[in-house]
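Enquirer: Residue 0 is where the sequence shown starts when you use numbering that gives the first Met the number 0, and the numbers rise one by one after that.
No wet-lab data here; the hints were simulated from the structure.
Do not take every clue at face value.
As the list claims (entries may be wrong) - Straight-line Cα separation of at most 30 Å, DSBU-like style, residue types lysine-lysine; simulated pairs:
#: 1; residue 1: LYS162; residue 2: LYS198
#: 2; residue 1: LYS236; residue 2: LYS54
#: 3; residue 1: LYS317; residue 2: LYS236
#: 4; residue 1: LYS236; residue 2: LYS198
#: 5; residue 1: LYS198; residue 2: LYS166
Here the structure is a predicted model, which is why all the values come from computation and not from measurement.
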Amino acid sequence: MDTITEHGVTPTESGRSGGLAAGTNVLGADGSCPVDQLVRGDRIYTMEPLSRTMKLKRVVDVDRIEPAAAVDIDAQRARLRLAPGQYVPFVTDDIDLVRYQRADRLDERHRYRFISEWTPLGRSRTEVVDLTDHATEYEIVAQYDGSHGHSFRAALPAGCEPKRRHKQVGYAFDPATFDTYREAIDAESTALGIRTGAKERPRPYRFAGDDFIQLLGWLVTEGSIYTGSDRNSASVKIAQETPRYRDTIRRLLDRLGIAYREDDRSFRIGSNCYGRIFSRLCGSDSRSKRLPSLVWDCSPAQKRLLLETLLAGDGNEKRTYYTVSDRLAGHVLRLCVETGVTPAYHRRDDWRVYCRHVPSGFEEPTHCSWVDATRPYYRIVVEDYPLVLAGRSGTFQWLAAAGVE
Numbered sequence: 000m001d002t003i004t005e006h007g008v009t010p011t012e013s014g015r016s017g018g019l020a021a022g023t024n025v026l027g028a029d030g031s032c033p034v035d036q037l038v039r040g041d042r043i044y045t046m047e048p049l050s051r052t053m054k055l056k057r058v059v060d061v062d063r064i065e066p067a068a069a070v071d072i073d074a075q076r077a078r079l080r081l082a083p084g085q086y087v088p089f090v091t092d093d094i095d096l097v098r099y100q101r102a103d104r105l106d107e108r109h110r111y112r113f114i115s116e117w118t119p120l121g122r123s124r125t126e127v128v129d130l131t132d133h134a135t136e137y138e139i140v141a142q143y144d145g146s147h148g149h150s151f152r153a154a155l156p157a158g159c160e161p162k163r164r165h166k167q168v169g170y171a172f173d174p175a176t177f178d179t180y181r182e183a184i185d186a187e188s189t190a191l192g193i194r195t196g197a198k199e200r201p202r203p204y205r206f207a208g209d210d211f212i213q214l215l216g217w218l219v220t221e222g223s224i225y226t227g228s229d230r231n232s233a234s235v236k237i238a239q240e241t242p243r244y245r246d247t248i249r250r251l252l253d254r255l256g257i258a259y260r261e262d263d264r265s266f267r268i269g270s271n272c273y274g275r276i277f278s279r280l281c282g283s284d285s286r287s288k289r290l291p292s293l294v295w296d297c298s299p300a301q302k303r304l305l306l307e308t309l310l311a312g313d314g315n316e317k318r319t320y321y322t323v324s325d326r327l328a329g330h331v332l333r334l335c336v337e338t339g340v341t342p343a344y345h346r347r348d349d350w351r352v353y354c355r356h357v358p359s360g361f362e363e364p365t366h367c368s369w370v371d372a373t374r375p376y377y378r379i380v381v382e383d384y385p386l387v388l389a390g391r392s393g394t395f396q397w398l399a400a401a402g403v404e
């Protein structure tokens, strides 16, 4: 008999139920994590099944059990090994309401479908990105009308003292002064730019949110950073040879107001300040690549824009993303979940993250079998929401947590 409950257990049962075999991974804030390595306080993806709302929630507890036997589910995009009492959430072709069935009571007459649609995290759109929020060592250079700057200085409030002046560039302010008197400096300036020192050309530091998200995508997937031997110079390179993507990058850099040089294989931006900031945000080489934390506060539409940019760079026509960075692979898995896609992956020498929507289901006679439980099983208790995203062999599906507190 199927059961319909909010917390994934039958109304007559109390306490914890089910269990996931060692070798199962759970998807969370740090990417894919083995279930036996979860600890209290870890944030993992959970779902409230009535509204299909998905959020990161904290693990409250994980305990270990050793059942004698287990149920194996082996289907497209679903590799699961479950304790007999583990509840499997499902829908059917006729009824889209989420229901649950114990792994040891799956009905051979049913065609079970896993949950494949949910509401992504509702974040507001990031309108502007300010690089001073992501830099520590920098100065802001204010340009002004006139040749002497006396009027500019006179208009600044008391205490707003520049650290230096260059007659051809403008006044330079340290981070603390600029942060305190930002509005006044901005009001009196004709242009503001960021740099690390006096020998560097000032660069734009405020960007439209959508454009900056797209720039991050190209930097992560095709970018590299070269630092001079004296560490006082750097060059940011975006490699791209495909004509249509070169046009996209060229228009993007023009909108951002970033000066660049290009050849038939890449775009280069000479800026020590940008080199430091983008290295800190995205990593400097292929193995250190990652998504910066700011992307998780963006809107779902901006996250989709980022995912599409990543796929344009290092993806293929089947929406498979390739990377050698462990951290970036975990972040792309997260990005899929936060844009409403159940991800999967394969790892050998590199990571292949499958970012396409593939609804999955199973039938008990074809895809399920009993196996000996030779390894421990783990019960996850989470905050508030009763479903977690878990699976084996690079697959994930929504399953009932053992408990909710």
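Enquirer: Each hint: holds or not?
Expert: Outcome of the hint check:
1. LYS162 x LYS198: Since the Cα atoms of LYS162 and LYS198 sit roughly 14 Å apart, the hinted pair holds (cutoff 30 Å).
2. LYS236 x LYS54: Violated, at roughly 36 Å.
3. LYS317 x LYS236: Given pair LYS317, LYS236 holds - Cα atoms ~27 Å apart, limit 30 Å.
4. LYS236 x LYS198: Holds, because 21 Å separates the two Cα atoms, which is no more than 30 Å.
5. LYS198 x LYS166: 13 Å, holds
When the structure is compared with the earlier hints, a violation turns up for hint 2 alone.
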